[in-house]
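For reference, the chains in residue letters:
Number of protein chains: 2
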Amino acid sequence: MARARRTTIADVALLSGLSICTVSRALRNLSNVSDKAQAQVADAAQKLGYKASSAAARLAGGSTGAIAIVAPSATSWFFAQAVEAAEEVFADSGWDCVLISLRNKPSVRKKVFGDLDALAQRVDGVLLLNVDLDAEEISDLEASGLAVASVGMSRVPWDNVGIDDEHAAWTATNHLLELGHWELAVLTGHEMDGTSVLSSRDRLTGFRRALAESDLTVHPDLVVAAGSTIEGGRRAMTEILANRDMPTAVFAACDEAGFGALMALREHGRNAPKDVSLIGLDDHPMSWFMGLSTVAQPVADQGAFAANLLCERLADPSAHDRAARHMLGVKLIERKTTRHKR
Amino acid sequence: MARARRTTIADVALLSGLSICTVSRALRNLSNVSDKAQAQVADAAQKLGYKASSAAARLAGGSTGAIAIVAPSATSWFFAQAVEAAEEVFADSGWDCVLISLRNKPSVRKKVFGDLDALAQRVDGVLLLNVDLDAEEISDLEASGLAVASVGMSRVPWDNVGIDDEHAAWTATNHLLELGHWELAVLTGHEMDGTSVLSSRDRLTGFRRALAESDLTVHPDLVVAAGSTIEGGRRAMTEILANRDMPTAVFAACDEAGFGALMALREHGRNAPKDVSLIGLDDHPMSWFMGLSTVAQPVADQGAFAANLLCERLADPSAHDRAARHMLGVKLIERKTTRHKR
DNA sequence: TGCAAAATTGTAAGCGCTTACAGTTGGTTT
DNA sequence: AAACCAACTGTAAGCGCTTACAATTTTGCA
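Residue numbers (full-length UniProt numbering), protein chains in the order written: chain A, 1 to 342; chain B, 1 to 342.
Hints are computed from structural coordinates only; laboratory data are not their basis.
As the structure is a computational prediction, the values presented were derived from the model and not from experiment.
Among the hints, a few may not be true.
Identical chains blur together in the list; that is why a pair holds if it fits in one copy or across any two.
[Stated by the list, open to error] The calculated BS3-like cross-link candidates involving lysine-lysine, where the alpha carbons are at most 27 Å apart (straight line), are: (1) Lys336 with Lys36; (2) Lys47 with Lys111; (3) Lys274 with Lys110; (4) Lys331 with Lys51; (5) Lys331 with Lys110; (6) Lys51 with Lys36; (7) Lys274 with Lys336; (8) Lys47 with Lys36; (9) Lys47 with Lys341; (10) Lys105 with Lys274; (11) Lys336 with Lys105.
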């Protein structure tokens, strides 16, 4: 099978009997092309199996045909789900997805967002998944000319969809409070190295607010970084167990950390809800089985929704009205790891 | 902050006092450039903060600066891990990763591999993760000019790393056999729709071989598709439980399906190992906690290893010797869901 | 029916980089 | 010292597509 010369727009022009320029316009569905020409071009392109060269298009000022999906990390359940959901939407609209994992490293984040021009050169848009950007990065991104949409970022000048993380955390914490607990610990989504996923900040805030509303204070030793992995949750819970003051209830900022906490408890001969009440946040597929009480959030929906929003922007950049902000609901799910304080 | 005209290779040429051509060569570290010129160019590029345009490079016949990571789906634990590990390797080498999830749909697979030219246009290489390709797709890919490396594909004309899935499954099954079980069921990695991930085929083969070696036959009703999700495992196990002939042991082709099986058992008032012995394959982080016996495989290692192989190929396309094949080891881990048949 | 305005279509100039091929330069060889 | 070479460097022709701007065809109306 010899490698044939690629079919270019010129071939289509020739076959359709129109000029390259008209073909180019027809191919991109620009308005000022007659229906007849449009049809001829479509027909010729079809016959020739013509595929545009994204590189050439890009170079000439067109679209790259790609968007970037940026996530703090790609291994946790939440991100894997959101990424897949978004990828599906993008793929169906013909966009390539460049995956960029920040790997929980501020250095990687700085590298990516510190050189937006480089990014803008390879993609037309960016989908941010719970990425924690500082004010400068936000305004740079806004000014970069890239279309942007995000999952889980409030107060941001572009389309955004998410849950109210603070409220979700508040709901979980409040559940604990209502069960009569007042010595609470929290396994935050922050990483050990200090990095934090955006949602984890809000969740911590929600936790704190719930306590404050009950005039409770949080002992610093009982706020421990777990990240969003099972292993992190396990380490964090182990740390809490080593504490002289055992809390009677624990809020894990994500279910995976909650699973880890369950492990740590078992390793120490304890369990939930007997020794401590434990509640997570996410509603991971395993949670039902583990009996983990939690606050459920629609994960794939968020990814898909945001991806759709971005596709729309990309399709019609002129629609430059103010950013849309969509909040999806969460729901408390009581299972077996929480119960009334005795 | 006005959007300045981009710095091109011409600017670098001007500043360095050399021709565009020499600059281009110096930038790409081609051999025939004097050290002096090389230094001047590096210096000028540095000063100007020059960033090459990948689109232009591509159009002119250079590299796209991107590779594609293709996975049957992106949500399962295995793929999320492998993808992240690979992404890290690629990102560190400066490659963009285009994520392509086949979403377990043959149609998507056909679309992607049926038009390799389109793919070749946007990426220089492809990393395949347990993708099940037919002979034609393999040879087309081989002929496409794309650099290829894969995880978990045997007998393929390019670099490959993986575990011996058949042997791993054989090991798991044999463990069951050694415990005295002879009525075995298997939850295969095949999807309900008939799609199969490459590894799941080999695992099924390994299961069958183990039985055959003990002169045992498999009842068709006891070979059920579970895919590689918790939910799939749950459905599959439920189906088995509805069977009149309950097996005394079950091999789940992946731990996640095993978790689902555990759920189904519980929903039916049964449990492992009392009612059936259950063994998985993967060693998912939850498996320890669940007490799930399994066969452990190094997941991130496989992704990173294969990514490195691909990077090497990409860096030196001339090294066209025969494909390397690396087999990583697996290990039986006995936990609590398997025990001797009573 | 005739002419300006509107709608289409075509011409041609790049976009920034790679690369075949044509110089240059300076050291060797005879 | 003339003739050669090897090692560099420069010239210029694209890669395939977008897009001002010009040219042409239609259409709308008086």
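Results for each hint:
1. Lys336 with Lys36: neither (67 Å within a copy, 71 Å between copies)
2. Lys47 with Lys111: between (44 Å within a copy, 18 Å between copies)
3. Lys274 with Lys110: Classified as neither: same-chain Cα gap 45 Å, cross-chain 53 Å, threshold 27 Å.
4. Lys331 with Lys51: Close neither inside one copy (46 Å) nor across copies (47 Å); limit 27 Å.
5. Lys331 with Lys110: neither (35 Å within a copy, 40 Å between copies)
6. Lys51 with Lys36: Result: close within a single copy only, 21 Å intra versus 43 Å inter.
7. Lys274 with Lys336: both (10 Å within a copy, 23 Å between copies)
8. Lys47 with Lys36: within (17 Å within a copy, 53 Å between copies)
9. Lys47 with Lys341: neither (73 Å within a copy, 65 Å between copies)
10. Lys105 with Lys274: neither (37 Å within a copy, 45 Å between copies)
11. Lys336 with Lys105: The answer is neither: 36 Å in one copy and 37 Å across copies each exceed 27 Å.
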